[in-house]
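J.: We have chain A already, so just place chain B on it with the hints.
Number of protein chains: 2
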Amino acid sequence: MGTNTAARFDVVEYMDRMGRKARAVSSDIARLGPDVKNRALECIAQSIEKGADTILAENALDMSAARRNNLKSSLVDRLMLDESRIAATVQGCRQVAGLKDPVGEMTEPVRRPSGIEISKMRVPLGVVGIIYESRPNVTVDAAVLCFKSGNACILRGGSEAIHSNLALARCMKAGLEDAGLDPDCIQVVETTDRTAVDCLITMDEHVDIIVPRGGKGLIERISKHATVPVIKHLDGICHVYIDSEADVEKAIRVAYNAKARRYGICGAMETLLVADDIAPDVLPELCRQYRDKGIELRGCGRARQLVDGMAPATDEDWATEYLDAILSIRVVEGMNQAIEHIEAYGSGHTDSIITENPQRQREFASRVDSSSVMINASTQFADGFEYGLGAEIGISTDKLHVRGPVGLEGLTSQKYVVRGDGAIRP
Amino acid sequence: MGTNTAARFDVVEYMDRMGRKARAVSSDIARLGPDVKNRALECIAQSIEKGADTILAENALDMSAARRNNLKSSLVDRLMLDESRIAATVQGCRQVAGLKDPVGEMTEPVRRPSGIEISKMRVPLGVVGIIYESRPNVTVDAAVLCFKSGNACILRGGSEAIHSNLALARCMKAGLEDAGLDPDCIQVVETTDRTAVDCLITMDEHVDIIVPRGGKGLIERISKHATVPVIKHLDGICHVYIDSEADVEKAIRVAYNAKARRYGICGAMETLLVADDIAPDVLPELCRQYRDKGIELRGCGRARQLVDGMAPATDEDWATEYLDAILSIRVVEGMNQAIEHIEAYGSGHTDSIITENPQRQREFASRVDSSSVMINASTQFADGFEYGLGAEIGISTDKLHVRGPVGLEGLTSQKYVVRGDGAIRP
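Protein sequence lines correspond, in order, to chains A and B. Under the numbering used here, the residue at position 333 of the first sequence is numbered 333, and the numbers go up by one with no gaps. Under the numbering used here, the residue at position 284 of the second sequence is numbered 284, and the numbers go up by one with no gaps.
There may be inaccurate statements among the hints.
It does not matter which identical chain is used: a pair holds within one copy or between any two.
To be verified - Simulated crosslink set (DSSO-like; lysine-lysine; CA at most 30 Å straight-line):
1. K216 - K120
2. K224 - K21
3. K72 - K21
4. K250 - K120
5. K72 - K120
6. K100 - K120
7. K293 - K250
8. K72 - K216
9. K100 - K224
10. K293 - K216
11. K72 - K293
12. K224 - K50
13. K72 - K224
14. K224 - K250
15. K50 - K21
16. K21 - K250
17. K50 - K100
Simulated from the structure, these hints should not be mistaken for lab results. Just so it is clear, the structure is predicted and the values come from calculations on it, not from any experiment.
With the rest of the complex left out, here is chain A (with noise of 0.2 Å):
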């Protein structure tokens, strides 16, 4: 589609009717019981089974696409689909029919002095708009978080995906009616203009909450400019202070795997704090291990004291989410000194304190203000599939509804279910 007006007025039209379409069918979907969306779920498995040659060509079309418009090595590594890739996600279908639904779950009732009884209602948000880039399996893998916890969705993935997107929507779609069930369930935008995004997350009366996922900068656009709430985090500037109580040999395997096991990840440690006391036993061996490994150290001026040649740090990387192998050191006072590094520097994402003494664990576990706080673990576990979440839908560094990895009972909501014979207020 082209971006004059006409053709602009045409996508708001078009995004207006969408969301028509997904919260008129959110009701129906929301009375859904675990065994039908269950099979349904197992319907779209087979779909996508059945569907692999077509969408491995429709991918095919994204991928040469991208080549020719010389799209970064890593965002072609991202776009493309294999038969492993499509396998992983029809698991991951079946994977998600075999979580616990949460939707109707009810909490005890609390009997009270009036005579009425009171307990809670699991029920669904409603809709969920998914905007997201590159990676063409997560329309899969969110619509199916979406569709199991009985919200409508309507999905936006990127331009350069396009093809690959709505093949697999195709496959979704028709394994919802193979269930017998509204295709509209699932919605793909199918368009790539940009009016559509602008549209999605600004239309307050049919959708009820926005999941970007994707790169910082998209993140960041959708925030500033979405009047539905959004799940987001920003930044994962990770941290691990290594205490003066910590085991060393604890210390430098956690600080190790905090940083080295994957870079590109947001629970990836980029700053290392360690207390003064111990930082002569742990840096030299820990820093060996990191070059080894070919990360490049910037340190404050004490750690390249005990470390040579190591270049330093300034302001800006305590502040950076290298996503990268580089990675920040400072050697602190203490636990006060580090919480306080936090506290400047952190993004409220995930931070981790290696000690034995138990009432620093606890202090540090209840001053630190990050959706996550570890105790002799590494930051990389930061996730819904290691929380036993079975699915996540993004990780929310906001204190509000929900926080940390989101998984399906991040996309319900509760509501109070009042129960009398007759009962008056007096």
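T.: Relative to the frame of chain A, chain B by itself:
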């Protein structure tokens, strides 16, 4: 203060300082144990008791200004403090001291195959901004709820109550000091310049949530312009649906109470829906009772056939929160049409079904998308005290974070605490 540019600049600076102070003190309050907080609440209660004469003198200033400015008598009544209202406020502090402290509460840890243990810890939100009208006792009610839930607060009351609010604030601050705590835990905006509100609702960096308390105009204005998340309800267009399988005696009792007990509260019924089958058994007697009480009735065609002299209800009536001695009545075919009516005109606040049929009870409870759904109970029960929350900072008709009456727990969030023993992610 004036409203010229220089003064406005001052207000912006003033509010920014206030925000910074609140943010700074919030991490200290977050760490206070229940004993310390409860002792401080007792100090606040005593300080208000001791200061009663001064509070009444300051209130007299507001009252005479109100009379000079010809304020509506209902507003003057809300503004008025006397010994019994102060005593009630003091008692409120002590009741909040008696409530269970949600902060620090941990869920049961779950051990994962990787060896880590996952639990959640309940923590304060941080800084709460309260914006309210006329009633000076809100100053104390809201402040002590924020304090008990470990939050710093910034309170902005109506200009007509400024003397009363500042006198109450001085007492609370003195109480905090008596308890050895920072008086900035509770801050009251000292200027009546409206710019202060604009600042408060857009200080995302310093304020975590806004709770507006007052009329619909205030709440609409704030929701529209706030960038900080808002806990709110705009309308309470509450319905009672009397099903064909209702017990007639219970139906009349509940429907009468839902309207006639109090007109001005958000949980008051505004529209009565009655199944056609049962309407002739219910409406004549029920309408006789309403009219004895002086309630004006407006009905659909069928309702007007059954009860003489009823004015016709328009589409606007179905969409109006009267908060007054007026009721609209519609006869519907059955539950489906009742739910459609509620979907079309309701505000997601509180809706009740009267029926003995358990299947319809369940279906109504799950299909009606309101913050409280009631079965054989009066909508007037929608209230934090009645629900056992002990107190209420407001009612939310939004679905995110918190829904229905909001007590201490709604002013908190949960973070993940992950414990390992040197655990690394494979």
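J.: Quick check: which numbered hints come out false for this structure?
T.: Of the numbered hints given earlier, those the structure breaks are 3, 5, 9, 12, 14 and 16, listed in rising order.
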